[in-house]
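What follows is each chain in one-letter form.
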Amino acid sequence: MKPPPFRYRRPTELDEALALLAEPGAVALAGGQDVVPQLNSRRLRPSTVVDLAELVPLRGITDEAGTVRIGALTRHRDVLGSPPVRDRLGLLHQAAGHIGHGAIRNRGTLGGSCASALPGAELPTALVALGATLHLVSTGGRRSVPAAGFHGGDGGTVLRQGELIEAVTVPVPPPGSVWSFAEHTRRGAFKFPLVSVAALRAPGGVARVVVGGGRGGPVILDPEHRPNPDELDELADRLAFADQPQTGRRHLARIACALIEQALTTEAP
Amino acid sequence: MSLLDSTHTEQTSARVPGGIGEPVARREDLRLVEGQSAYLGDLRFPGLAEAVFVRSPHAHARITAISADRARALPGVLAVVTGAELAEWVSPWRIAPDIAGLHPMSAPPLATGTVRFHGDPVAIVVARDRYLAEDAAELVEVTYEPLPAALDLSESLAGTAPLVDETLPSNVLCDQSHVNGNPAEVLATAAHVLRISFSQQRQAHAPLEPRGCVAVWDRAGRRLTVHTGTQVPAPYRTAIAGRLGVPEHQVRVVCPDVGGSFGQKLVAYREDAAVAALARRLGHPVRWREDRRENLVSALHAREDEVDLEVAFTAEGVVRAVRARLRSDFGAYAYFPGNYMLQVIGMMIPGPYRFQDFEYDLKVLLSNKCPAGPYRAPMAMCTWVTEGMMDAVARAVGKDPVEVRRLNLLEESELPYQSAAGQVYTDITPTRTFERGIEAFGYERERAEQARERAEGRLVGIGVASVIEPTTYGSAFYKLAGIPGSGHEAALVRIAPTGVVSVSTGLMGTGQGYETMLAQVVADGLGVPPETVDVLLGDTDVPPYGMGSRGSRGATAGGGVALLAARDLRDKILRIAAHRLDTEPAELSVADGRIVRAGEPAGLTVRDIAAIAYLDPVSLPPGVEPGLEVLRAFDPPPMTFSNSVHLCRAEVLPDTGTVRISRYVVAEDAGQLINPMLAEGQLHGALALGIAGTLQEHVVYSPAGLNLTDSFRDYPFLALDEMVERLELVHCGTPNQRIPGGMKGMSEGGVMGGIAALTLAVQDALGVPVDRLPLTGERICLLLDRTNNPDR
Amino acid sequence: MTTTDHPAPADERDLTCTVNGAPVQLRVPVRRLLSDVLRDDLDLTALQVGCEDGVCGACTVLLDGEAVRACTMLAVQADGHDVVTLEGLRDDPFASEVKRAFSQAHALQCGFCTSGMITTLLACHNAGCDSPDEALHELSGNLCRCTGYLNIRRAVRGLWQEGEDPR
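Protein chains in written order, with numbering that gives the first Met the number 0: chain A, 0 to 268; chain B, 0 to 791; chain C, 0 to 166.
Rather than coming from a laboratory, the hints here were simulated on the basis of the structure.
Accuracy of the hints is not assured; some may be wrong.
[Stated by the list, open to error] Computed list of lysine to any residue pairs in SDA-like fashion (alpha-carbon distance at most 25 Å, straight line):
{"id": "1", "chain 1": "A", "residue 1": "Lys-190", "chain 2": "B", "residue 2": "Thr-657"}
{"id": "2", "chain 1": "A", "residue 1": "Lys-190", "chain 2": "B", "residue 2": "His-578"}
{"id": "3", "chain 1": "B", "residue 1": "Lys-478", "chain 2": "B", "residue 2": "Tyr-424"}
{"id": "4", "chain 1": "B", "residue 1": "Lys-398", "chain 2": "B", "residue 2": "Arg-435"}
{"id": "5", "chain 1": "A", "residue 1": "Lys-190", "chain 2": "B", "residue 2": "Tyr-424"}
{"id": "6", "chain 1": "B", "residue 1": "Lys-478", "chain 2": "B", "residue 2": "Gln-736"}
{"id": "7", "chain 1": "A", "residue 1": "Lys-190", "chain 2": "B", "residue 2": "Leu-652"}
{"id": "8", "chain 1": "A", "residue 1": "Lys-190", "chain 2": "A", "residue 2": "Arg-141"}
{"id": "9", "chain 1": "A", "residue 1": "Lys-190", "chain 2": "B", "residue 2": "Asp-720"}
{"id": "10", "chain 1": "A", "residue 1": "Lys-190", "chain 2": "C", "residue 2": "Glu-133"}
{"id": "11", "chain 1": "A", "residue 1": "Lys-190", "chain 2": "A", "residue 2": "Leu-263"}
{"id": "12", "chain 1": "B", "residue 1": "Lys-398", "chain 2": "B", "residue 2": "Arg-457"}
{"id": "13", "chain 1": "B", "residue 1": "Lys-478", "chain 2": "B", "residue 2": "Tyr-544"}
{"id": "14", "chain 1": "A", "residue 1": "Lys-190", "chain 2": "B", "residue 2": "Val-178"}
{"id": "15", "chain 1": "A", "residue 1": "Lys-190", "chain 2": "A", "residue 2": "Asp-62"}
{"id": "16", "chain 1": "A", "residue 1": "Lys-190", "chain 2": "C", "residue 2": "His-124"}
{"id": "17", "chain 1": "B", "residue 1": "Lys-398", "chain 2": "B", "residue 2": "Leu-707"}
{"id": "18", "chain 1": "A", "residue 1": "Lys-190", "chain 2": "C", "residue 2": "Gly-127"}
{"id": "19", "chain 1": "A", "residue 1": "Lys-190", "chain 2": "B", "residue 2": "Glu-650"}
{"id": "20", "chain 1": "A", "residue 1": "Lys-190", "chain 2": "C", "residue 2": "Thr-15"}
{"id": "21", "chain 1": "B", "residue 1": "Lys-478", "chain 2": "B", "residue 2": "Val-178"}
{"id": "22", "chain 1": "B", "residue 1": "Lys-398", "chain 2": "B", "residue 2": "Glu-411"}
{"id": "23", "chain 1": "A", "residue 1": "Lys-190", "chain 2": "B", "residue 2": "Ser-661"}
{"id": "24", "chain 1": "A", "residue 1": "Lys-190", "chain 2": "C", "residue 2": "Ser-139"}
{"id": "25", "chain 1": "A", "residue 1": "Lys-190", "chain 2": "C", "residue 2": "Glu-65"}
{"id": "26", "chain 1": "A", "residue 1": "Lys-190", "chain 2": "B", "residue 2": "Gln-736"}
[To be verified] Here are some chain A residues the structure puts well away from chain B; computed CB gaps all over 12 Å:
{"id": "27", "residue": "Pro-3"}
{"id": "28", "residue": "Arg-9"}
{"id": "29", "residue": "Thr-11"}
{"id": "30", "residue": "Ala-18"}
{"id": "31", "residue": "Gly-59"}
{"id": "32", "residue": "Gly-65"}
{"id": "33", "residue": "Arg-141"}
{"id": "34", "residue": "Gly-151"}
{"id": "35", "residue": "Gly-154"}
{"id": "36", "residue": "Leu-158"}
{"id": "37", "residue": "Pro-228"}
{"id": "38", "residue": "Glu-260"}
{"id": "39", "residue": "Gln-261"}
The C-beta atom is built at its ideal place from N, Cα and C for all residues, glycine as well.
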């Protein structure tokens, strides 16, 4: 399993990167934890791989008033180790801690995880629950998309060809907020979530229960309406769960029920 | 040949330090932990080219056209050869034993007219490196006409499935039966009869190091060396020489370090022969190193077996007769005799129990899936079947499962005992070990605790599984069972003029620690420190020809024959020493490399004797030949056995169907353990395979016959955090009178007991019969749904 | 899913980095994986390749002191960085303890996963992991087919707890 031939560029400036990515068949390389295995299996056949490693402005976490801004190239390991994230975005901190193992977190990035949009991934689920915003940039300019609107149907995202995630801004939940995160992973060492659930309840305000694992991205559920384990097909439809080789969609919906129940009964401040 | 060792001078001694029975650290570790091992991919060969195979994307199809022109034109590509071309240089694989009920089968070196499974190789590409070879493989243009595929066992049985092999009348490769006593009559007239079904899923061996080989010819193209990890270097050599039409003595097989095998590196593969043929054509070395996707899709699969039982029993719970119907999905080609794996399941269904009226019929079916091969404990499901039967009988008569087992278990006083399958059980301790296990588990107390927990609504279950593990497989077994094969092993033990010792056998290790084990055995047999014993394995230029490693025979066949050879050599040493010291050999012994008389050093060392034997042979006693080398062969008894009992307590979490194993106890009688630490390690590894096979490993084919589980993401073996927290192990070893040294072999019983004990524990927790594996969370939830809503 | 238009297959790039403390300058095809450059071009064969999918962990090496899976990196991504493989840890005292503990506890059989495990544990230790459970949690991303993990756990507990004999 070796990658197919491609051109490789490592731009030092954002404009350069965006121009390269605008070409058809160009693919961005951040941490590589999703992209390189896909290159190895030749599921991905880019004309050009654009390595973002030298785009320093896209890394880093800043704590602005009421909002935490995380550069898209910030590694999971740094999201996890960041005091503002740990202290003010506890839900994101907890989600990040669930990601794979250290070796994955040492390379994988927030932007890469969002762009890959693999069903069930921890950070997209948490970001939707936190009401985060993704800031996109391309040669055509900038635009912002709420995390909840970032995923298209059928496994994709709204990212256009040539568009990069530049940063994610996350509003800090008000004091007194409670939250929880839970996931059910595949068996074995891979530990990728089949279903991830993030719940957030702000005092006198926002309450969200978000379920990741479906093909349309994380889905926001009505937090007052606990799903009924007798209505698994309906829930599977609502969540856009698809059959996997080892697990059918109804069972994924059953797992989601269990996790939602767990999330709603164990919220932490 | 007497195995009671009466021809050997008695060695009166305490344990030899570092010898048999000692838990010494492994010598292999010295290079393995330093990263200085040499697996196939680590070897270097000047001018090495890399091979890649073009493989069928269909389960079943006709090849209507194949063109390699574009592939050959790619710079860096050295050759592209299709099945039709390769057939000129490599002869087909043919398994055609003269055995009733077994059809002959052939396989071309690469598929030509039709492809028979997803992954079936159709062409070989050789290029400067693997990257280029993969590029070229994509440029080989193959036009396929898809055909309907045979994927369903029942359709193949009914004769409604497409034919996998056009030369056969049906997809039934093998149809055999066995009967003992009069089970038909007993079943027909019994007051109590049960029907139970067991269905096991397809799995893959998936060693961490995939398959591969390097073929190197000498400049004249006459002598071939194949570097490959194989459990059986000598038989592999015979096979590959035959396929290439090269005289056997012009082929050398050299094994590097091997990253696991579990039965998958047992045969000379079609890919290996293709690589060797290409290496000869091109005039430089060629390597094939399989990748993980190839390995999961097209290496070998295993365990897709079904057993249906009819059991007649008394109201007290004594089993009177059993009829078993066994079916197995063998895949698309035969690398092994068709009856090889399934028959051992049939053979072991009687387990450690007394009933005599028994019959089985077995059918092995071809399918358009990857070929099947023996995977560590190919008979593994037999324990689940036998113990599942006992649990079912217990439920039917309203008794505790342990109580019912006690009614049926053989006692040591009944041995030797010929089982209902014709196996002669001796040197096993079914009742004694069972009771030790029950006691260590605290069975009564555990049942009481379980009752309390169930009253709280928790789904807690207990599974008990008695394992009789067949080991060693001597030549007579194959003959009696009507399976082509032989089971002897041989050892060459040599002492060099400077007194250092070396041993070689036909075994080849794939992680078991044979280098350490054999050094311990030879040290013990000779009376020398193990550090002075060098072990050479895996090079067919070094004698002897042995049948290699498989079927838990490393310690018994390999260790056994090494011990015989070492003792023979010790006897020669003592003859020489006695002559030198003007005494009788019976007055002397060897300890720590010295000749000892009446407990005191006699002033001679093994080194001194070696010097005499090689450099001063005129001083040897009359009738003693120069040198200190012994070659000994040993055909073990048809079968030996070890036995154990596995006791598992597990809880099912109903929300997700997750299984938590909360306690696991094993009491085992594996005879004399050469190295208890290594033996325990084998048990751990086997148990992990059993647990993963029960809960999560499953090769899944799509309705069109495409393998959907082609990566570790979708084929998950047990991770570190999924293994039992703790294994409580009780050693109950009793020596095996029929193997020199008293070993019994034991590396597969852990799989057998693991599958059975865990499945039965989950069954007990759920309160419903489990007739199908794997017990994924999904399947468990469905079983619970059905219990809670029987009308749905 | 066949493609006939391969972009210039000879697209190469200079790779400048340090490997096991020594400067390395190579010209490598841009698609070549770090695992292959280390093993085949630099002859550092301690790391093993079990999946090329990022799952098994047998190819774990240290990049700037942190554990990474070499099969999930293009070699050119190591440009300007520091790579350490098991060979470069020969004098590391903790790595030596791990090796000894693994052998004493019989925590390896075929050895194929061992380099990845030792490297992972070393990275853990260097990152300040201070409990055996944390180390084992980290190690649960490394696959082993042979040992059943019980002895590996024993070795790790011995390493992370004062005075506990790995045997």
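Exercise. Within a Cα-Cα threshold of 25 Å, do Lys-478/B and Val-178/B meet the stated pairing?
Worked result: It holds: about 18 Å lies between the C-alpha atoms, which stays within 25 Å.
Exercise. Taking the minimum C-beta separation from Thr-11/A to chain B, is that value above 12 Å?
Worked result: 28 Å, holds
Exercise. For the pair supplied as a hint, Lys-190/A and Asp-62/A, is the alpha-carbon distance within the 25 Å limit?
Worked result: Between Lys-190/A and Asp-62/A the Cα gap is close to 31 Å, so the pair fails against 25 Å, i.e. violated.
For this session: Assess, step by step, whether the Cα of Lys-190/A is no farther than 25 Å from the Cα of Glu-133/C, and give holds or violated.
Result: Given that 25 Å is the threshold and the Cα spacing comes to 16 Å, the pair holds.
For this session: Classify the label on Pro-3/A as holds or violated, using whether its beta-carbon is more than 12 Å from each beta-carbon of chain B.
Result: With a cut-off of 12 Å, Pro-3/A comes too close to chain B, as the shortest Cβ separation is near 7 Å.
Problem set entry | Hint consistency between Lys-398/B and Glu-411/B [alpha-carbon to alpha-carbon, up to 25 Å] | Holds, at roughly 24 Å.
For this session: Given the hint that Lys-190/A pairs with Ser-661/B, test it: the Cα-Cα distance must not exceed 25 Å.
Result: 22 Å, holds
Exercise. Given the proposed pairing of Lys-190/A with Tyr-424/B, does the C-alpha separation stay at or below 25 Å?
Worked result: Outside the cut-off at roughly 45 Å; violated.
Exercise. Would the least Cβ to Cβ distance between Gln-261/A and chain B come out above 12 Å?
Worked result: 8 Å, violated
Exercise. Minimum Cβ separation between Gly-65/A and chain B greater than 12 Å?
Worked result: The claim holds: Gly-65/A sits with its nearest Cβ about 38 Å from chain B, beyond 12 Å.
Exercise. Is it true that the CA of Lys-190/A sits at most 25 Å from the CA of His-578/B?
Worked result: 69 Å, violated
Exercise. Lys-398/B and Leu-707/B: Cα distance at most 25 Å?
Worked result: 44 Å, violated
Hint compliance for this structure: hints 2, 5, 8, 14, 15, 17, 20, 26, 27, 37, 38 and 39 are not met, and every other hint is.
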